[in-house]
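Note that the protein sequences, when read in sequence, are chains A and B.
Residue numbering for the first sequence follows the numbering used here, beginning at 8 and increasing consecutively.
Residue numbering for the second sequence follows the numbering used here, beginning at 11 and increasing consecutively.
Hints in this document: simulated from the structure, not taken from any laboratory.
No experiment lies behind these values; they were computed from the predicted model shown.
Cβ atoms here follow ideal geometry from the backbone N, Cα and C, with glycine treated the same way.
Any given hint could turn out to be false.
Just some of the chain B residues that point at chain A, by a computed CB distance under 8 Å [as the list claims (entries may be wrong)]:
1) 16
2) 170
3) 186
4) 189
5) 543
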Amino acid sequence: MLVLAVAAPLFGAVLVWAWRERAAAHWVGVGAAAAALVAVALLPIGRGNGNWMTYGASLEGGWWHQVDFTWAPSLHLDFAIAVDGISWPLALLTALLGLLCCLHNALGAERHTSGSLQVGAANVATGGPSLAAGKTVGVPGKPSPMLTVLLLAVQFASTLVFFADNLILFFIAFEAVLLPMWAMIRRYGDPAARRHAAAKFALFTVAGSLLMATGLFVAVADIGTADLGAIIVAGGVSPGLSLLVFALLAIGFAVKAPLWPLHSWLPDAHTAAPTVGSVLLAGVLLKLGTYGLIRVAGGLAPQGAADAAPVLAVLAALGILVAGLVCLSLPELKRLIAYSSVGHMGFVVLAFATGTEAGVNAALFGNLAHGLITPLLFFLVGALKARTHTGLLGSLGGLRLAAPMLAGVLGFAALASLGLPGLAGFWGEAFTVYAAAERGGAWFALAAAAAFGAFLAAAYLLRMLRRVSHGPVAPATKGIGDVSTVELVVWAPLVAGTLLLGLVPGPLLDLFGEGLL
Amino acid sequence: MTLGLLLIGVPAAAGLAGLLIRHRGLARVLAIAGPAAALLLAACCAVANPRFALTLADFGSIQVDLALDLSGTATAVALASAFVTLLVQVYSAAYLRDDPRYAPFAAQVNLFCAAMLLVVAADDLVFLLIGWEVMGACSYLLIAHYAKLPEAPGAAAKAFLVTRFGDVAFVLGVMVLGAAAGSFRVEAAAAAPEGAAAAGMLLILFGCIGKSAQFPLQIWLPPAMAGPTPVSALIHAATMVAAGAYVLTRLAPVWPEPLLLVVALVAAVTMVGAGLCALAARDLKGVLAWSTVSQVGFMFAAVAVSAGDAALFHLVSHAAFKGLLFLTAGVIIAVAGTNGSLLTTRLRPGDAPLAFAAMTIGLAAMAGLPPLGGFYSKEAVLGAAYEAGSPAGVVVFWAGVGASILTAAYSARLWLLLFWRGAPEREERAAVPGAESFSLWALMIATVAVGAVYYAGPFDVPELHLDLMALLLLVTVGGFAVIADAWWRRRRATGIDRDPAGVLGRTRPAFAEGLYAERMAGKATRALARGASAAARELDERLVDRTVVEGSARATLVAAEDTATGHRGGLVRYLRLSAAGTLLVAVAAIGVSLWS
Numbered sequence: 008m009l010v011l012a013v014a015a016p017l018f019g020a021v022l023v024w025a026w027r028e029r030a031a032a033h034w035v036g037v038g039a040a041a042a043a044l045v046a047v048a049l050l051p052i053g054r055g056n057g058n059w060m061t062y063g064a065s066l067e068g069g070w071w072h073q074v075d076f077t078w079a080p081s082l083h084l085d086f087a088i089a090v091d092g093i094s095w096p097l098a099l100l101t102a103l104l105g106l107l108c109c110l111h112n113a114l115g116a117e118r119h120t121s122g123s124l125q126v127g128a129a130n131v132a133t134g135g136p137s138l139a140a141g142k143t144v145g146v147p148g149k150p151s152p153m154l155t156v157l158l159l160a161v162q163f164a165s166t167l168v169f170f171a172d173n174l175i176l177f178f179i180a181f182e183a184v185l186l187p188m189w190a191m192i193r194r195y196g197d198p199a200a201r202r203h204a205a206a207k208f209a210l211f212t213v214a215g216s217l218l219m220a221t222g223l224f225v226a227v228a229d230i231g232t233a234d235l236g237a238i239i240v241a242g243g244v245s246p247g248l249s250l251l252v253f254a255l256l257a258i259g260f261a262v263k264a265p266l267w268p269l270h271s272w273l274p275d276a277h278t279a280a281p282t283v284g285s286v287l288l289a290g291v292l293l294k295l296g297t298y299g300l301i302r303v304a305g306g307l308a309p310q311g312a313a314d315a316a317p318v319l320a321v322l323a324a325l326g327i328l329v330a331g332l333v334c335l336s337l338p339e340l341k342r343l344i345a346y347s348s349v350g351h352m353g354f355v356v357l358a359f360a361t362g363t364e365a366g367v368n369a370a371l372f373g374n375l376a377h378g379l380i381t382p383l384l385f386f387l388v389g390a391l392k393a394r395t396h397t398g399l400l401g402s403l404g405g406l407r408l409a410a411p412m413l414a415g416v417l418g419f420a421a422l423a424s425l426g427l428p429g430l431a432g433f434w435g436e437a438f439t440v441y442a443a444a445e446r447g448g449a450w451f452a453l454a455a456a457a458a459f460g461a462f463l464a465a466a467y468l469l470r471m472l473r474r475v476s477h478g479p480v481a482p483a484t485k486g487i488g489d490v491s492t493v494e495l496v497v498w499a500p501l502v503a504g505t506l507l508l509g510l511v512p513g514p515l516l517d518l519f520g521e522g523l524l
Numbered sequence: 011m012t013l014g015l016l017l018i019g020v021p022a023a024a025g026l027a028g029l030l031i032r033h034r035g036l037a038r039v040l041a042i043a044g045p046a047a048a049l050l051l052a053a054c055c056a057v058a059n060p061r062f063a064l065t066l067a068d069f070g071s072i073q074v075d076l077a078l079d080l081s082g083t084a085t086a087v088a089l090a091s092a093f094v095t096l097l098v099q100v101y102s103a104a105y106l107r108d109d110p111r112y113a114p115f116a117a118q119v120n121l122f123c124a125a126m127l128l129v130v131a132a133d134d135l136v137f138l139l140i141g142w143e144v145m146g147a148c149s150y151l152l153i154a155h156y157a158k159l160p161e162a163p164g165a166a167a168k169a170f171l172v173t174r175f176g177d178v179a180f181v182l183g184v185m186v187l188g189a190a191a192g193s194f195r196v197e198a199a200a201a202a203p204e205g206a207a208a209a210g211m212l213l214i215l216f217g218c219i220g221k222s223a224q225f226p227l228q229i230w231l232p233p234a235m236a237g238p239t240p241v242s243a244l245i246h247a248a249t250m251v252a253a254g255a256y257v258l259t260r261l262a263p264v265w266p267e268p269l270l271l272v273v274a275l276v277a278a279v280t281m282v283g284a285g286l287c288a289l290a291a292r293d294l295k296g297v298l299a300w301s302t303v304s305q306v307g308f309m310f311a312a313v314a315v316s317a318g319d320a321a322l323f324h325l326v327s328h329a330a331f332k333g334l335l336f337l338t339a340g341v342i343i344a345v346a347g348t349n350g351s352l353l354t355t356r357l358r359p360g361d362a363p364l365a366f367a368a369m370t371i372g373l374a375a376m377a378g379l380p381p382l383g384g385f386y387s388k389e390a391v392l393g394a395a396y397e398a399g400s401p402a403g404v405v406v407f408w409a410g411v412g413a414s415i416l417t418a419a420y421s422a423r424l425w426l427l428l429f430w431r432g433a434p435e436r437e438e439r440a441a442v443p444g445a446e447s448f449s450l451w452a453l454m455i456a457t458v459a460v461g462a463v464y465y466a467g468p469f470d471v472p473e474l475h476l477d478l479m480a481l482l483l484l485v486t487v488g489g490f491a492v493i494a495d496a497w498w499r500r501r502r503a504t505g506i507d508r509d510p511a512g513v514l515g516r517t518r519p520a521f522a523e524g525l526y527a528e529r530m531a532g533k534a535t536r537a538l539a540r541g542a543s544a545a546a547r548e549l550d551e552r553l554v555d556r557t558v559v560e561g562s563a564r565a566t567l568v569a570a571e572d573t574a575t576g577h578r579g580g581l582v583r584y585l586r587l588s589a590a591g592t593l594l595v596a597v598a599a600i601g602v603s604l605w606s
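The task is simple: from the sequences and hints, build the whole structure.
If you want it as structure tokens, here you go:
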């Protein structure tokens, strides 16, 4: 199952690429993504009891399932994958979003979009610059199957990151996410901004990854093994190196997360990326950063994490406040959602930085909740932009009258994003405040900043709703269609997940509780 | 246990289901079935008094419980909430008969009711927070109901943001209490150490001030009148606004004694200030809105003298008469065919006898005339303050006496202006639909009967004091007298000139505008938000992004250019460079060997 979960998107990507000229190519992608989702969803069957222990040098128990092939022992590189209560929900989220994005492509949910998404398939997987931009090949009204190929590639690499039990494999997978994402922005993004945004995204994350790689190699050299689970159970690297390793890893992951002030690639990338790209970016790529920070950086160097926590926490709190304030006056919808991500991830990092049990649980929960809510918002904004051909708040208005269902779902997503209790966003953010208040002293100021950040989120999201949904119908929104069945199918799982996690947070927290940290 | 879960679950399910359906008839059935079932379940809870806890979320060091505690007092409030919601739903079915967005409206009202019942029943502070904020969100949706009303979205956003601003403090307070006590349960919070309890309760108080529209966060309530009239009845009577006072009574055991003076001051300023604003207000719903602020001030006053039951008694009796007043106001505005401004809204008692009777009873209850419910509950609050013998007691007692004069005055003024200024401008009379009449009748009976709760209710309130009763009646009659005098003196004036609010003299315009607090706060917040946002964007986009990030990229490019230029010289230049390099290396090598 574990191997199937990782391999299905890879085979899917190859198959879709091979059959890209056929009409059914999209559906092959959907099938592969569905297979991956089923495989991931079945993983809890026959899981262990969550008892972590070591016998000699090897780790016994704890992982639900574990697969290990020797690959290149001299490099400490094994194809070792494993799953537990912390990585499984993230992998499930990845598989779900992958499937929804493939469906979104296959059904042509953005049929009325302006040219950029219909740019046809070219003959190379990556790299082909805007030469292809002129011709339109493939099924009219649907995006190119190549987009699905790239989607599946991102899904494959991300799943591998979440499952990797070997640090070198982790690093390889982490880097492998970058290429298809870069290509997606570069080739299928908004023509005006995509070159710049893609280059910025790639350079920024590569720079972060190099630091991260250094950190990983220092750690591997120090301990002599690259088995992630064993290292975590053994308590990480030696105390002298701890802070160095943590700092290197944290900077690398902070770029991806993104932590203020290393976030500035994110708004550009989101604004330029196609809808499915934004969805994966927000729902999966950012999670790689926080997962790495919590699992790998925190696990390899717990001592260093404790030492560096105040710096991390202050930056996170600053990020929450700055992102909230910036969002108050941004004129463009997609950029606004992108910036709000910086704020939400600030909550996750702040919760992790407190180092308390409640804090880490809140971080993991908030991470997952963000992965449901923000993709929903990006889907909605994509749908809106495809209909009105504009994302400017100034030229929208009256959506509630023009398309009541769309406005309703947008309102729901906005309420979820502002952390309304009873929806998924609440638990992570409220318990970030709790964890910071629990530490007492100067941390209380950070708790207050986080609580105020949640207020700012309400302010900017209500401002957005007021401009988009309320008021008289703007010329751009006049006569647009309401939500189609296709869109409902794609959005419904996210809406349901948001409600479910909000009302019944217990089971997920129990899963986190038995995970390995 | 099932009973308690159903009490919240049924209206919530009715609300969520209602959001999905478009069919009008079905929406109406769900709308009325939800609160009706809740009323029934609340009645069962009043007998069974369920009390239980399940684990909702386990964060390791602390857990959130799905804990309900429906004691006698809590079920009384739950009954009042469900009762008012049911009548509001019945009323709205007729009131919004031509509204295309009736289905979502009715669903949101049910969600609102479920959220309030959750607040009433919850015994865990974080669990309570769910109801607390969902209520805020529903108020946002309901106030913004009229899509074509230009001020509605702004008023709705203001209501949500002001209460949410209070909630920043509320959440912090809950978390401080939880961290200090190791649990979010109410009885555990009572065992929190003194310092944490003080800090936590002050923060929670600020949240309750926001929700209950007390000074200084009263600014959201008057504009919230942009919502449909039944929504105003719902928000003012038994839900949202009352929730703040309710939570404070629930947390009464946690309060450190000396801090009650803070509550007393808030209550005193609000009771008197809002009473003056109500006296000066220029439209019918405005008078009622300010009167709510003032009456909730009475509930805060009871909290300040540790008389939680008196506060809840006033909450219940207030729910009856304020629900009645708002629903009647909707009928009067419809019959008179105006926009609710007191300038134009007037009827003769005979034009709408039911509305006249309902308004008269409601206003008499608000002013505190025996034997209506308002008399007993106000007497209970002032009696508790009288017996308290603490500084807080002194403050709220005298403020309460002053506010009672004002209550009598603004009630009398409204009654005179509405019914005794001659024939309305419009001649044809709209008929009052049966559903609306039913709600008015039910609430009239409740207003009259709620006094009986004093004798046979779950509330533990002080005995009636004869001297206090005399004082209260004297004060009420005094308030009436002032208004009657002003009314009589201006008998020759016509129209609005006869307005007895003239007794306020030159301060009247200021009070009519709520002392300009709303406008000033709005301006200040907007300016502050604009400034802070511009500064943040400057920092983030200019400094971090363009200067540091893209600047470093540019610097790299420039360095690359320079290096490349350096490698594009002629042969002579390369020769020179290599000679200089060789020389340098030689010098360095000699130097190193000599040194070592």
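Hint check:
1. Violation of the interface hint for residue 16/B is found here, the shortest Cβ-Cβ separation to chain A being roughly 15 Å, above the 8 Å cut-off.
2. Interface restraint check: residue 170/B against chain A, minimum CB-CB distance 6 Å, threshold 8 Å, status holds.
3. Taken as an interface hint, residue 186/B checks out: its beta carbon lies about 5 Å from the nearest beta carbon of chain A, inside 8 Å.
4. The beta carbon of residue 189/B comes within 4 Å of a beta carbon in chain A, closer than 8 Å, and the hint placing it at the interface holds.
5. Annotation: interface hint on residue 543/B holds; nearest CB of chain A at approximately 4 Å, less than 8 Å.
Going through the hint list in order, the structure does not satisfy hint 1, though it satisfies all others.
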